[in-house]
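Q: Each residue of the sequence shown is one higher than the one before, starting from 0 at the first, in numbering that gives the first Met the number 0.
Keep in mind the hints are simulated off the structure, nothing from the lab.
Please note that a few of the clues may not be correct.
[Claimed, not checked] Below, simulated EDC-like cross-link-like pairs (lysine to aspartate or glutamate); rule was C-alpha separation at most 16 Å, straight line: (1) K221 to D156; (2) K139 to D263; (3) K288 to E257; (4) K81 to D61; (5) K81 to E66; (6) K288 to E253; (7) K100 to D28; (8) K77 to D28; (9) K77 to D26.
[Unchecked claim] Restraint ranges, calculated between C-beta atoms of paired labels, are given here: (10) E248 to S161: 41 to 51 Å; (11) Q176 to A219: 34 to 44 Å; (12) R54 to S9: 18 to 28 Å.
For every residue, glycine included, the Cβ atom is placed at its ideal position computed from N, Cα and C.
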Amino acid sequence: MRVLIGVDGSEGGWEGIYQASKLLSGDRDQIALYYSPPQIVFKRGVSPSGDMIERTRTSLADNVLDEALQRLPTAWHKQVEKIIGQQKPREGIPAAAESWKAELVVVGARGSSTQSRTAMGSVARAIVRSTSVPVMVARKKLAKQTDGGYRVLMGLDVIPQSKAPAEFLARCSWPQQASGRLLHVIEPMLGAELPEWLEVKARQSRDEALSQAWIAEYQAEKRQKYDELAEYAKQLPAIFHQQSPIVLEGFAAEKILETIQADDIDLLIVGTRDLGAWQRFMLGSTAEKVVQQATCSVLVLHHFATK
C-alpha cells in the first residue's frame, strides 16, 4: 500500500507517523513523508534574495523530514520518499496524494496551531473533505484504560455494497493483539433521547398505548441489523471475527463517542456517503462529529455511509 504521511514538525504530526506505523509493514508498504515549509518572513528592512529564501525553506524542510524519517522503523528507511510541498498543506497534501498515487493519507488531528489537543484542525478537516482516498486522522490517546491490545471500532449506518472497504482493511497489517468490532445505531424508538428516569416512565406509557406487534417489529429490526453486521464481519479481516457486533438505540454520533470511551478504542473507522466532497462530510454529519470529537485516531473510508 502507498501511504502518504503529512508532517509539520509538531507532536500532532509525529503522532501520524506513530499511528500509521501500527497498520503498515516494511515488507510490502511504501511511504512518502510530505512537508510544506512555511513562507519565510524576515524583519523589516531585511531584503534577502529569492535564492536565500528558498535555501532557508529547503533547509527547514530537510530538518523536518529527516526527523520524521528517524521516527519510522530503521528497516523502512530505504523505502521512504520525501516530498517538499510548495503549497499550503490543505492544498498540497491532496495534490501530492493524487500525483504520488497514495492509497492512504495520514495527518495529525492537530498540527502546530494552539487549539485543543483532541480537536480536529482546519487542515485535517480540509484534507478529509478534499481527498477521495482513505484518510487517517491521528490522535494520541491521553490514557490507555486497559492493557488489552489494539482495539478497533467500525461504525456502520448501512452495509457497504462495494467490496472496497473490506479490501482496503485486508491490506492493513494489523497488530498481533488487535481486535475489531462493528457498531450500528438505530434511531430512538421514541424519536428523542430522554433522561433515563423519564425514559422508563415514557416506555411504560408507550407500551400501554402501542400494540405489542409494533414493539416486536422494532425489536426485529434490531435483530436484523445485528445479523447483517455479523454476516458482514465475515468479509472483513480476522480481527473482526472475534467479538459480536453492537446494535445500540440512540443518536449515532453520541453512541459512537460513548462506545469509544467505554471500550477504550484505539482506532475508529467511519465512512462517508458517495456524494460531493462537501456533502459527504458536511458540518453536522455523524462522520464529521465523530472525527472532530473522538479521543482516538479515526480512519475515514470514503463512499460508504456512517450517516
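Q: Each of the hints needs a verdict: does it hold here or not?
A: Against the structure, the hints:
1. K221 to D156: 13 Å, holds
2. K139 to D263: 13 Å, holds
3. K288 to E257: Holds, because 13 Å separates the two Cα atoms, which is no more than 16 Å.
4. K81 to D61: Holds, at roughly 9 Å.
5. K81 to E66: Judged against 16 Å, a Cα distance of about 12 Å means the pair holds.
6. K288 to E253: 9 Å, holds
7. K100 to D28: 13 Å, holds
8. K77 to D28: Holds - the C-alpha atoms of D28 and K77 are around 12 Å apart, at most 16 Å.
9. K77 to D26: Holds. K77 to D26 sits at ~11 Å (cutoff 16 Å).
10. E248 to S161: 41 to 51 Å: 28 Å, violated
11. Q176 to A219: 34 to 44 Å: Holds, since Q176 and A219 (Cβ atoms, about 36 Å apart) stay within the stated range.
12. R54 to S9: 18 to 28 Å: Roughly 23 Å apart at Cβ, these two residues keep to the hinted range, so it holds.
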